[in-house]
Amino acid sequence: MVVPLYSLNTLRLGYSIVSCTTKRFLVGDLKPSHISLQNHLLHRPITSKISANQHNFTVAYLINSCGLSPEDAISSSKRVELQSSQGADSVLALLSSHGLSETQISKVVRLRPAILVADPEKTLLPKLEFFSSVVVSRQDLARILCFNPHLLSRSLENQIIPAYNFLRSLISEENVVSVLKRSSWIFLENRRKNVVPNIELLRELGVPQSCIALLLAHNTKVLIHKHESFAAAVEEVKAMGFDMKKSTFVMALRALCGESSKSIWNRSREIYKRSWGWSDDDVISAFRKNPQCMILSEEKIMQGMNFLVNKMGWPSRVIATYPVILCFSLEKRIIPRCSVVKVLLLKGLIDEDSSLAYVVLPQEQHFLERFVIRYINRLPQLWDVYHGKLDVKDV
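For the sequence shown, the numbering used here begins at 1 and goes up steadily by one.
Treat the hints with care, since some could be wrong.
Pairs of lysine to aspartate or glutamate residues, derived as EDC-like cross-links and limited to a Cα-Cα distance of at most 20 Å, are as follows [claimed, not checked]:
(1) Lys193 / Asp140
(2) Lys245 / Glu204
(3) Lys238 / Glu173
(4) Lys342 / Glu369
(5) Lys238 / Asp280
(6) Lys127 / Glu173
(7) Lys300 / Asp282
(8) Lys127 / Asp89
(9) Lys245 / Glu200
(10) Lys181 / Asp140
(11) Lys221 / Glu235
(12) Lys226 / Glu259
(13) Lys311 / Glu352
(14) Lys226 / Glu200
(15) Lys311 / Asp353
(16) Lys393 / Glu299
Here are the computed distance ranges between Cβ atoms for each label pair [said to hold, decoys possible]:
(17) Asn64 / Leu170: 44 to 52 Å
(18) Met302 / Lys246: 23 to 31 Å
(19) Ser85 / Glu189: 32 to 40 Å
(20) Thr123 / Asn64: 22 to 30 Å
(21) Glu189 / Ser90: 26 to 34 Å
What the hints contain is simulated information worked out from the structure, not anything from laboratory work.
Think of the CB as a built atom: it goes at the ideal place given N, C-alpha and C, for glycine as much as any other residue.
Generate coordinates for the entire structure from the input sequences, incorporating the hints supplied.
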C-alpha cells in the first residue's frame, strides 16, 4: 500500500529553513572589501531554493510513488535526485510489468535508489529480459531482484552474462538458478580475483569436480572469500583429517571459512565443552562426522542436548558419536520418537539399553515398524503419543 501524500507543510518548512539560513549569511557590515563575497551570497538564496525544491520533490516522490517511509525517503534522497517523475514512473512501471509487487519495488528503490534515474529501455529492460530467460518464474525473479537490486546496475555484456557463462561451465543450469536465488552476489564479483584462484587451489589439491560443483552451487559464499583466507581455511580443514574427496570436506570448509563462520565454530566448541563435558577430541570427532553440528544456533544445541541428556538420560559424550542427531528437528523427529520409546520403557515392553542411534537415526518407516506397529495392538495410544496428541504420563 502506497504511503499517504507527503505533507505540504513539511515541504514549506524545508523552504523556510533554507531561507532563514540564507538570511543569516547576509547579516553584517558589507564593506567594499566584501563586495565579491556579497555578490556570491546574493546568488545563494536562488541556488539554495532550487536545490531544496528539487530535494523535496525527490523525497515526496519516494514516499508517494515508491512507498518509502519518510525516514527512508530522506536517506535515499541523498543518493538520487529526480528532475521529474516521468523517467522514474517508467522505471516503476517496468519493474511492475516483470512481476515485482509494490512492496518489492519499494524495497528495491530503498536499497538502490539510483535505479529511478536509469534508462528503462536501454539499461534495465535487457537485464530483466536476460534474467527472465534464465529464472524459472516471475516470482523467483522478483525475489532475486528484491534481495539484490544491484544486479540491475551492472553491465549485462561485461559482467552478468560472463558470470552466468562461467557458472554454467561448472554447474547445471538448475544450479545456476539456485545460485541466483541464494548467492547472487557472485554475479557482481570480479571472479578472477578470488573465485577462480580458489577453485584452482582445490583442483591442485585433488578435490573432485563433484565437490567443487557442490561448493559452488550450495555454498557459493565460501568461494567469494579472499584467496588468502580461503587457503588458510583449506589448510585448517586438511589438518583436522577431512577427506578432500568427500562432501564432508565441503561442509567443513563452509564452517571454517570466514571470520563470522569461524566465530560460530569457536562458540559451538565452547558450548559443547563447557556445558556438556565434551573434550577437544570429542569436538573434532563430531565435526569430522557431521560438520553441520558446529554451525547450529546456540539455542538449538542447548535444547537438543538438554532433552537427550537430561530428559532421556543418554550420556552426553554418546551424542558426540552421532552428532547428526542434533541437526534433526527436535519437535518433528526427536521428541515424538523419544516419547514413544519412553512409553514402551515404562510399560516394560523394551529394554533400557535401546541405543540413541537405534531410536533416532532410522528412516521414519523403519522406526514405526520397530517401535509403533509392533506394539500397537497392546498399546493403541502409541499413535497419539507419536503424533503429540497424548502425553507420556497419560498413557
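Now the hints, each set against the structure:
no.: 1; hint: Lys193 / Asp140; verdict: violated, 29 Å
no.: 2; hint: Lys245 / Glu204; verdict: holds, 12 Å
no.: 3; hint: Lys238 / Glu173; verdict: violated, 31 Å
no.: 4; hint: Lys342 / Glu369; verdict: holds, 16 Å
no.: 5; hint: Lys238 / Asp280; verdict: holds, 17 Å
no.: 6; hint: Lys127 / Glu173; verdict: holds, 18 Å
no.: 7; hint: Lys300 / Asp282; verdict: holds, 19 Å
no.: 8; hint: Lys127 / Asp89; verdict: holds, 18 Å
no.: 9; hint: Lys245 / Glu200; verdict: holds, 15 Å
no.: 10; hint: Lys181 / Asp140; verdict: holds, 7 Å
no.: 11; hint: Lys221 / Glu235; verdict: holds, 18 Å
no.: 12; hint: Lys226 / Glu259; verdict: holds, 11 Å
no.: 13; hint: Lys311 / Glu352; verdict: holds, 14 Å
no.: 14; hint: Lys226 / Glu200; verdict: holds, 14 Å
no.: 15; hint: Lys311 / Asp353; verdict: holds, 16 Å
no.: 16; hint: Lys393 / Glu299; verdict: violated, 27 Å
no.: 17; hint: Asn64 / Leu170: 44 to 52 Å; verdict: holds, 46 Å
no.: 18; hint: Met302 / Lys246: 23 to 31 Å; verdict: holds, 29 Å
no.: 19; hint: Ser85 / Glu189: 32 to 40 Å; verdict: holds, 35 Å
no.: 20; hint: Thr123 / Asn64: 22 to 30 Å; verdict: holds, 24 Å
no.: 21; hint: Glu189 / Ser90: 26 to 34 Å; verdict: holds, 30 Å
The structure is inconsistent with the numbered hints 1, 3, 16, although it conforms to all the rest.
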